[in-house]
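For the record, the sequence lines run as chains A and B. For what it's worth, full-length UniProt numbering labels the leading residue of the first sequence as 1, then goes sequentially. For what it's worth, full-length UniProt numbering labels the leading residue of the second sequence as 1, then goes sequentially.
Some clues are possibly wrong.
[To be verified] Some chain A residues well away from chain B (every beta-carbon gap over 12 angstroms; in silico):
#	residue
1	LEU14
2	PRO37
3	VAL60
4	SER188
5	PHE195
6	TRP232
7	LEU287
8	PRO302
9	LEU337
10	GLY341
11	ASP360
12	GLY383
[Said to hold, decoys possible] To be clear about the criterion: a stretch of chain B counts as covered by chain A if any three or more of its residues have a C-beta under 8 angstroms from a C-beta of chain A, and this derived list gives those stretches:
#	segment
13	153-165
14	174-185
15	215-227
[Claimed, not checked] Stretch-level coverage of chain A by chain B, calculated; a stretch enters the list once three of its residues show a Cβ under 8 angstroms from a Cβ in chain B:
#	segment
16	78-86
17	258-267
Simulated from the structure, these hints should not be mistaken for lab results. In this text, a Cβ means the ideal position worked out from N, Cα and C, and glycines have one as well.
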Amino acid sequence: MSQPTTPPKALGALGTYLDERFHGSSMLRTNMRKVFPNHWSFMLGEVALYSFIIVLLTGVFLTLWFRPSMLEVEYTGSYAPLQGVMMSEAYASALHISFDVRGGLLVRQIHHWAALIFVAAILMHMMRVFFTGAFRKPRELNWLIGATLLILAMVEGLLGYSLPDDLLSGVGIRLMQGVALAVPVIGSYAQMFLFDGEFPGEAIIPRLFTVHVLLLPGIMLALVGAHVLIVWIQKHTQYPGRGRTESNVVGTPMYPAFAVKAGAFFFFVFGFTALMASVFQINPIWLFGPYTPTSISAGSQPDFYIGFMEGSLRLFPQWEPLIFGHPLSLSTLIPALVIPGILFTALMLWPFLEAWITGDKRQHHTADRPRNAPTRTALGVTGITFYGVLLLAGANDLISEIFYIDLYLTTWIFRVSLIVGPIIAFIVTRRVCLGLQRRDRDELHHGYESGIVKQLPSGEFIEVHQPVGADAAVELRSKVASEPLEIRTGAVDENGVPDPRTRSPLGKLRGAASRWFTRDKVDFDEHDGGHGDGHAAVEEGAGSGRAAVSSGPSDKH
Amino acid sequence: MNWITARRRHPLMGYAVVFFALVAIGTLWAVLAPNADRAEARTQEAGATQQDLAAGQALFEQSCSSCHGIDGQGRNGMPSLQGVGAAAVDFQVSTGRMPSMNPDVQMPRKPPVFTEEQIDQLAAYVSTSFGGGPEIPASVDPDEDYARGDIELGQRVFMSNCAQCHNFVGQGGALTGGRFAPELTESTPEQIYEALISGPGAMPVFDDETLTPEEKLGIINYIVTVRAEPDSGGLFNLGRLGPSSEGLVAWTVGIGLIVAAAMWITARQREND
Ligand code: HEM
Numbered sequence: 001m002s003q004p005t006t007p008p009k010a011l012g013a014l015g016t017y018l019d020e021r022f023h024g025s026s027m028l029r030t031n032m033r034k035v036f037p038n039h040w041s042f043m044l045g046e047v048a049l050y051s052f053i054i055v056l057l058t059g060v061f062l063t064l065w066f067r068p069s070m071l072e073v074e075y076t077g078s079y080a081p082l083q084g085v086m087m088s089e090a091y092a093s094a095l096h097i098s099f100d101v102r103g104g105l106l107v108r109q110i111h112h113w114a115a116l117i118f119v120a121a122i123l124m125h126m127m128r129v130f131f132t133g134a135f136r137k138p139r140e141l142n143w144l145i146g147a148t149l150l151i152l153a154m155v156e157g158l159l160g161y162s163l164p165d166d167l168l169s170g171v172g173i174r175l176m177q178g179v180a181l182a183v184p185v186i187g188s189y190a191q192m193f194l195f196d197g198e199f200p201g202e203a204i205i206p207r208l209f210t211v212h213v214l215l216l217p218g219i220m221l222a223l224v225g226a227h228v229l230i231v232w233i234q235k236h237t238q239y240p241g242r243g244r245t246e247s248n249v250v251g252t253p254m255y256p257a258f259a260v261k262a263g264a265f266f267f268f269v270f271g272f273t274a275l276m277a278s279v280f281q282i283n284p285i286w287l288f289g290p291y292t293p294t295s296i297s298a299g300s301q302p303d304f305y306i307g308f309m310e311g312s313l314r315l316f317p318q319w320e321p322l323i324f325g326h327p328l329s330l331s332t333l334i335p336a337l338v339i340p341g342i343l344f345t346a347l348m349l350w351p352f353l354e355a356w357i358t359g360d361k362r363q364h365h366t367a368d369r370p371r372n373a374p375t376r377t378a379l380g381v382t383g384i385t386f387y388g389v390l391l392l393a394g395a396n397d398l399i400s401e402i403f404y405i406d407l408y409l410t411t412w413i414f415r416v417s418l419i420v421g422p423i424i425a426f427i428v429t430r431r432v433c434l435g436l437q438r439r440d441r442d443e444l445h446h447g448y449e450s451g452i453v454k455q456l457p458s459g460e461f462i463e464v465h466q467p468v469g470a471d472a473a474v475e476l477r478s479k480v481a482s483e484p485l486e487i488r489t490g491a492v493d494e495n496g497v498p499d500p501r502t503r504s505p506l507g508k509l510r511g512a513a514s515r516w517f518t519r520d521k522v523d524f525d526e527h528d529g530g531h532g533d534g535h536a537a538v539e540e541g542a543g544s545g546r547a548a549v550s551s552g553p554s555d556k557h
Numbered sequence: 001m002n003w004i005t006a007r008r009r010h011p012l013m014g015y016a017v018v019f020f021a022l023v024a025i026g027t028l029w030a031v032l033a034p035n036a037d038r039a040e041a042r043t044q045e046a047g048a049t050q051q052d053l054a055a056g057q058a059l060f061e062q063s064c065s066s067c068h069g070i071d072g073q074g075r076n077g078m079p080s081l082q083g084v085g086a087a088a089v090d091f092q093v094s095t096g097r098m099p100s101m102n103p104d105v106q107m108p109r110k111p112p113v114f115t116e117e118q119i120d121q122l123a124a125y126v127s128t129s130f131g132g133g134p135e136i137p138a139s140v141d142p143d144e145d146y147a148r149g150d151i152e153l154g155q156r157v158f159m160s161n162c163a164q165c166h167n168f169v170g171q172g173g174a175l176t177g178g179r180f181a182p183e184l185t186e187s188t189p190e191q192i193y194e195a196l197i198s199g200p201g202a203m204p205v206f207d208d209e210t211l212t213p214e215e216k217l218g219i220i221n222y223i224v225t226v227r228a229e230p231d232s233g234g235l236f237n238l239g240r241l242g243p244s245s246e247g248l249v250a251w252t253v254g255i256g257l258i259v260a261a262a263m264w265i266t267a268r269q270r271e272n273d
């Protein structure tokens, strides 16, 4: 049952044919038998990939008509309320696509919805990778590539949003200009360089266009390619389970089953995006009117992925000290550059930081269950809470209007929750994780609550506990004991001399961080009386049924 | 119907049924939702008779004087009605703001308490007894004339004078101090005109110097045209609130549907694992 699936004859022959010509040492045939584990959260990366493809395809369609020019023209298209209005060619051509190109509005809307789903999927995917510890050795570099992609995707979206030159995109560009200006010393040069003169000038839209359709997509495509290739080479992590070890992957073979699924899933993603684009209006630029520097609308928000920056701008107090007689606009600088800078630096460095803290240099191919890494999970939720508060604060005017709360009051509520919220989130999440671990342990030792209630001859009622099945037992047992490392325990060598690494200030810090990170433990073995069932299941080895076991990553390294 | 019968027990069928039911309800709602356009033409108080004034006085003393005072001077921080004029009264009472229920908060728009005739009587009384104020020019009847307003002009003037408070399509927005600029989805052309010249609450006054009557009619025509416009690009306009509601929908509907599909696709495999 556990034999690798062989591709159908025709394909096998094709593989052999190509291998013989391209000297792949049966590379293709091996790859067709690659295995992809089954779990919905492992499909989130795919969602990002597919929506990226959708964005690219629809974007190409839009470039056929979009004219990135700030030349003033009179609108003569078929949208009546704007007829005769002077506007940039960019805006006029975006209106043209919406009203006069067949299918144009639909494609514009697919493009925008797919862009939102793209970034949302990246965020979800990243959370999945984070909470399962899939970023640990050997996957740190892929994490870095991924985080770079996230930043590029946000920038790409912001630029796209700015292209049609409607009132809202103009507000976005204005914001970018403000941020550029706030940079000390080089600020005004930076803005003159970006805009080729004063704001708004004639150059910014054509420039943004080139970056949006050529530069960034090119870089992203290359990075996505590298990202997926690395997943391919390193193989996918998997959740703990029966027959799954650090050196194999249990799941669906690449061909045919996974290819079919992935193909179907692409059409799901495309279908849902198209459905949303036909049912929900998005970015109705014709209602906003052309950008004029004198106008601004209530409820001018950026797309959600920039929302956290908008929020941090709104929450930060007015603060512009004079430095050598020059105003330093900290109230723009800190929220727009420093806070996101810290956020993303922390994000990118996390795999290395965690490895440093735990001193863990092992290879990891099974995913952690989030509850089994309580501190990491709690930190993740802390980050999400911080980000979430900023995101909401970016829409504080809408919240104020919808819930009849005073605008200033919302600002204060958000300021306080920005600090208190993450702390509470940390504590609560850690407790919940530990509680879940305890429940796992009890279930493992005493069986699960079967729901069957029995009356004993004495009249007492008891609920019957049944031993958990072999599969579940492996999952419950999967908690890898965190090794007691010297740095953490302050271990001494055989001569009683403490490890010199633990004595430097940095070493002490590391020891403290490490103890903190692994402090809470639920000991699974404290009253373990030979519950061998779990281990036995693992040793039975190979998964059954259609699951194929491919050669493990360990033989590659 | 074999096709249906065969697929009735399909695992996705439940979702499909719910989905189509939701779409159907949404469509129905969009079609049947009460339409706000009740164009009510109101006569100016010019032709008010002595009887009307007496009736207006009675109404005023009964419903308004507790706050604004018998003499219309206002008291305890309530505004004086000296020189506010008939247009202000007509606006405040016909939009249901007055008589106020709670003088401490900004009144939302409500169905009017008085009939058109009574409102005219009140307006006539207030403007003759406490001094007239800015009025709609006799030559202009907004409910009739707004249609000749220049939309292109109106669009520009609206974006630069009104959108910062009322949002780009008049969906409203929050102001400081617990005040808010309301949605303009129900105001009649006459009420818009009256709001412009009387500047209710936190809204500035737009007299004929700031905005000419031509520009006012343009704005009105723009507001009325755009809000009546069918929504290109979808059954749902997401409240025309801009990117925030779009982000919400992307996360709930979009990611929701896709994750459901991912679960479905991977779960099927599990059974055979
Ligand atoms: C353009 C955006 C991205 C695309 C198209 C993409 C695509 C993918 C795909 C298809 C996979 C394999 C399936 C899966 O695990 O879901 C994957 C895995 C992975 N991704 Fe991404 N990803 C993107 C962004 C990111 C980001 C922002 C991060 C983290 C900062 C990241 C980190 C990883 C890691 C570490 C893996 C390996 C996971 C494992 O083996 O369990 N990716 N990516």
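Evaluated hints:
1. For A:LEU14, the condition that its CB be more than 12 angstroms from all CB atoms of chain B holds, with the nearest at approximately 25 angstroms.
2. Not every CB of chain B lies more than 12 angstroms from the CB of A:PRO37, the least distance being 9 angstroms, so the non-interface label is violated.
3. The beta carbon of A:VAL60 sits about 20 angstroms from the closest Cβ of chain B, which is more than 12 angstroms, so the claim that it is off the interface holds.
4. Distance check on A:SER188: its Cβ is at least 27 angstroms (rounded) from any Cβ of chain B, clearing the 12 angstroms threshold; non-interface status holds.
5. In this structure A:PHE195 is separated from chain B by more than 12 angstroms, as the shortest Cβ-Cβ distance comes to about 22 angstroms.
6. The claim that A:TRP232 lies off the interface holds: its Cβ sits roughly 19 angstroms from the closest Cβ of chain B, which is beyond the 12 angstroms cut-off.
7. Taking the minimum C-beta to C-beta distance to chain B, about 5 angstroms, the non-interface status of A:LEU287 is violated against the 12 angstroms cut.
8. Against chain B, the non-interface label of A:PRO302 is violated: not every CB pair exceeds 12 angstroms, the least being about 6 angstroms.
9. No Cβ of chain B approaches the Cβ of A:LEU337 within 12 angstroms, the least distance being about 22 angstroms, so the stated non-interface status holds.
10. The beta carbon of A:GLY341 sits about 23 angstroms from the closest Cβ of chain B, which is more than 12 angstroms, so the claim that it is off the interface holds.
11. With a least beta-carbon separation of about 29 angstroms from chain B, A:ASP360 lies farther than 12 angstroms from that chain, consistent with its non-interface assignment.
12. Against the 12 angstroms criterion, A:GLY383 stays outside the reach of chain B, whose nearest CB is about 17 angstroms from its own CB.
13. For the segment 153-165 of chain B, the stated coverage by chain A holds: 7 residues have a C-beta nearer than 8 angstroms to a C-beta of that chain, and at least 3 were required.
14. Here the segment 174-185 of chain B counts 7 residues with a CB under 8 angstroms from a CB of chain A, which clears the bar of 3, and the coverage holds.
15. With a cut-off of 8 angstroms between beta carbons, the segment 215-227 of chain B has 3 residues touching chain A; three or more are needed, and the interface restraint holds.
16. With 6 residues having a beta carbon nearer than 8 angstroms to a beta carbon of chain B, the segment 78-86 of chain A meets the requirement of three or more and the stated coverage holds.
17. With 3 residues bearing a CB less than 8 angstroms from a CB of chain B, the segment 258-267 of chain A meets the requirement of three and the coverage assertion stands.
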